[in-house]
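All chains, please: the whole structure from these sequences, using the hints.
In the order they appear, the protein sequences are chains V and P. Residue numbering for the first sequence follows our numbering, starting at 4 and increasing by one per position. Residue numbering for the second sequence follows our numbering, starting at 511 and increasing by one per position.
To be clear about the criterion: a stretch of chain P counts as covered by chain V if any three or more of its residues have a C-beta under 8 Å from a C-beta of chain V, and this derived list gives those stretches:
| no. | segment |
| --- | --- |
| 1 | 554-560 |
| 2 | 603-610 |
Only part of the chain V face toward chain P is listed, based on derived beta-carbon distances under 10 Å:
| no. | residue |
| --- | --- |
| 3 | V7 |
| 4 | Q9 |
| 5 | E47 |
| 6 | G62 |
Note that these hints are calculated values from the structure, not bench results. Every residue, glycine too, gets a C-beta built ideally from N, C-alpha and C.
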Amino acid sequence: GAGVSQSPSNKVTEKGKDVELRCDPISGHTALYWYRQSLGQGLEFLIYFQGNSAPDKSGLPSDRFSAERTGGSVSTLTIQRTQQEDSAVYLCASSWGLARETQYFGPGTRLLVL
Amino acid sequence: KQEVTQIPAALSVPEGENLVLNCSFTDSAIYNLQWFRQDPGKGLTSLLLIQSSQREQTSGRLNASLDKSSGRSTLYIAASQPGDSATYLCAVKGASGGSYIPTFGRGTSLIVHP
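Set out below in structure tokens:
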């Protein structure tokens with residue numbers, strides 16, 4: 004079946020604008036993670052969703068970042084009033100569950116804030 | 511707080527060599543450890559997942575071992591090929607504190623030259 008997809012693949016925006024990044028997980032996967040990968044840095048956890056439970060938002064770097072997951076499937080990561088330091092690759096991953104299951108990653112969205 | 515270290519940071523070898531990549535972690539209370547590869551400009555591809563109760567996993571020319579008590583995992587690549595060139599990441603999913611947040615290492619950048 005289809006893997007995890009993300010859109011757009013690339014996004015260039017001006018400082019101060021809002022952006023929305025989309026993730027379509029593998030069908031049936033109940034867990035969905037968002038990560039950020041900056042140049043020269045490791046993967047930084049942002050947020051995860053599991054089924055209908057409250058998301059774990061502990062990795063969001065500021066209140067400009069938010070995410071939602073509609074109908075237990077598609078997720079959108081929103082960054083308000085973008086800053087240059089938000090430039091990074093944003094990766095989404097999904098899995099059957101949270102604890103012991105393999106994570107499958109999408110190709111990422113490359114965000115550049117000018 | 512879980513910390514994951516990967517050694518070496520970079521490796522360049524001739525084709526045909528057998529390789530060992532190392533991953534160490536500080537908190538042995540884990541659900542699992544997962545090895546990924548990342549090609550330039552791409553997302554992460556899962557290679558092997560080792561549950562906390564397992565000692566090793568094998569897939570083709572890849573073998574990953576886990577020594578939870580010493581906080582170490584190794585990824586063994588047999589008979590390396592130029593197509594193995596990529597960055598290899600390990601991720602540990604901790605079992606402390608009721609959270610399911612994976613911690614990633616910075617990766618080992620591998621170049622296999624013909």
